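Work out the full structure, taking the sequences as your base and the hints as a guide.
One-letter residues, chain by chain:
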Amino acid sequence: MSEPSVPILKVEQIYKSYISSAGETPILKNINFEVSRGEFVSIVGPSGSGKSTLLNILGTLDRPTEGDIFIDGEDVFSLDDHDLAYLRNNAIGFIFQSYNLINRASVLKNIEIPCIIAGISKSERLERAHKIMGLLGIEDKGSFKPFNLSGGQQQRVAIARALMNNPSIILADEPTGNLDTKTGKEVFNLLKMLSDKYDRTIVMVTHNPELAEKTDRIIHLKDGEIEREERIAT
Amino acid sequence: MDIREIFILSFQALKERKIRSLLTIVMVMAGTSLLVAVNGVGAGFTEFFNKQFSNLAPNILFVTSGQTQGSTTVGSTEGGGGSAGSKITLNAAVINRIESLPFIDKVIPSYQSQVLMKSRGEEKSNAALSIDPNNLFVIAPTLELQPGSQLKQNDPSAIILADNIANPPGQDNPFVTIGETIELEYSFIDDTTGEQETLSKNFLVTGIMEPTGNPTIDGAAVINLDAGDALFQKTGKYDSLFVVASSTELVDAVEEEIKKLYGNDIGVTTVKAILKTIEQFTGGITSFLLSIAIISLVVGAVGIITTLYTSVVERIREIGTLKAIGAQSSNILTMFVLEALIIGMLGATLGLLGGIGGGYALSQATPRNEGDPPLIPLFFFTDMVTVWFISVALSVIAGLLPAWKASKVSPIEALRPKT
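Protein chains in written order, with the numbering used here: chain A, 1 to 234; chain Z, 1 to 419.
Take these hints with a grain of salt, some might be off.
Stated by the list, open to error - Cross-link-like lysine to any residue pairs, in silico, SDA-like; alpha carbons within 20 Å at most:
1. Z:18 - A:106
2. Z:106 - Z:15
3. Z:15 - A:103
I should point out that these hints are in silico values taken from the structure, not numbers from a laboratory. A quick note: this is a predicted structure, and the numbers were derived from the prediction, not measured.
Spelled out as C-alpha cells, the structure:
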C-alpha cells in the first residue's frame, strides 16, 4: 500500500488528563498516528477507553493537555478560538451519533448551514447541496423537517451537512450507533463509498467490529493508549 | 455568517416556542403600553386643564386678604386665615390705591361666603358670590345666560344662579327656576356673645348661568354687592378683588406693583400661577405613574432574560452542533440577541397600540364633573418613538446576558451523549 508523502492528519504525542479533587486522571496517553488522504480509519475500544475524547481533540473541540495535531500540515492548537472555528467549518466535517440536526429548519437549510457560516452565496450553496443530496439519495427530502425523516435518512442529512464545505477530514462519532443493523450498514456503505469513490478521509469511532473490519485500518484503544493498529488488507 | 440567515434561525426558534415567546412579548408589551398610556393621559390632563382655565380671563389677578373681621364666616371660601390684623383689609381705599397703579383697567370687589339655600322644601349648602352682576362678563368672558334671564344690577333682592344649582345634575326636578323665590341663610359666630347667629333673606331668581368652565362662576349663587354686604355683615371689607390688567402681558408687572405696595400682607394669584400649580401637580402624578411603568418595563426585560436562559439550556445541543460545524461565538451571540430584538420589537410595537387604547380607556375611567369637556389623551409621535426605542433597547440589553452565556457554551459538554 503506497502512502502519500504528507499525511492529512498527524497526531503527535497526545496526552490528555482531567484534574479533579481526586487528583489528575489521565484519559489519553502517548497517542501517535497518521492518517493519509483518502484513508478510512476506525477507532475501536471499550467504553471509557478515551475514544470520544480523542475524537473531540481531533475535531479541535477539546484541547489536549500536551501534544500536537496537524491537519493538512497546520499545527491546529497554535490557533486561537476564532481560527479554530474557521478550521472546523472549512477543514472538518462532523457526523454525530444522534445526528444533531436543527429540527425547526428544513433539511435543505440544515445541509446549507456550514456554507451559511462560511458566507458562501445562496446559488453556490444550493448547487452544492443538491449535488450532495443526490449522491446520498435524499434529493427529494429538502423541504422536509428532520423529525419527519427516519433515523437513516436523518443521518444521511448529517453526512450531507458534513460534506458541504469539502472538508479535508470527516470525523464520525458512532454514526450507526442509533440505527438498526440494516440501516446502519446502509449508512456505513455511504461512508465507504465516499472514501472509495471520492477519496474522502474519514476517521470513525465505532463499537461495531463488523463495520470496523471493512475500513482501511483499525486503531484499538485501551485505557487511553493505542493498544495496536490493524491494517485491513483490501 | 449572513445576518439574514441568523435572523431566520432566531425567528424560527421563537416560533418553535410559541406560547413562551408570546408571553414574553406580552410582558414587554405591558410595560410599553403602560408607559405610552400614562404619558398620553398625562399630556391629556395638561391639555384638559389648559382648556379649563383658558375660560378664566388670563388678564385677571385675584387679590385676597385675611380680613380683621367682626365675625368668622362659616366655611369662608377664600382661605384668608392666618394671623388676623397683620393683613390688609380690602376696603374702598385699597381699591382706589390699586386702581391708581399703572396698567390696570378695573378693580372688581366681591364678597364670598358659604350659605344655606332653601327652595321648594329642599336645602343645600353653597358658595354665594356677591359682585356687581355686570362684572361677571369681565371675569368669565364666555358667560351666557339662559333664555328669560335678566341681570338686575341694582336690585339687592335679585339672585342669579349657576345652572348646576338650579338644575342639579342627576335630578329630575329643578331645585329652583327663574321667577321663583329662594331663601339664603347665613350663619356666623357673634364675637361679642360667642354664640352662633343666623341671618336670612329671600331672593328672586332672575337669571340662570350656562356652564362656563370657570370654577368661580360655575358653582356660584350671585347677588349684588349691597345684598352681600348686608347679609354677610361685611361693612365694606371685601373678601377678594378681581384686578383686571390692561393686557395679559402686563399681568406680571401688575402683580409686582401690588406686591410692592402691600408685600406679603396681600395675596395675589394669577391664572398663570394657577396653571403652573396644576401642571406641577399633574406632573408629579404623571412621573409617579411613569416610574411604575418603567418598573414594569424592567420586569419585562427580566422576562426576556428568563425566557432566553431557558431557551439556551434547551437548545444546548443546537449551540454545540453549530459550534462544532464552525459557527463563531459571535454568531451564537447574535442569534440570541436577535431573538431578544424580535421579542422587543414586537412587544414594543404592540405596546404602542395597546398604550393608545389603554390611554383612552384610562381617560374614560377618570372621574370628572358633569359638563366638563372630555379628557382626551394626547400621543406625540416623538414620545412614541422614544418609548419604542427604550423598550427595544432594554430588551436587547436583557438578551445580552443569556446570549453571552450561549456563546460560551462548551461544545463538548453540549454534545456529550445523554445516557
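Status of the hints after comparison with the structure:
For the proposed pair residue 18 of chain Z and residue 106 of chain A, the alpha carbon gap of about 18 Å is at most 20 Å, so the pair holds. Taking the CA atoms of residue 106 of chain Z and residue 15 of chain Z, the gap is near 73 Å; set against the 20 Å cutoff, the hint is violated. With a C-alpha separation of about 12 Å, the suggested pairing of residue 15 of chain Z with residue 103 of chain A holds against the 20 Å cut-off.
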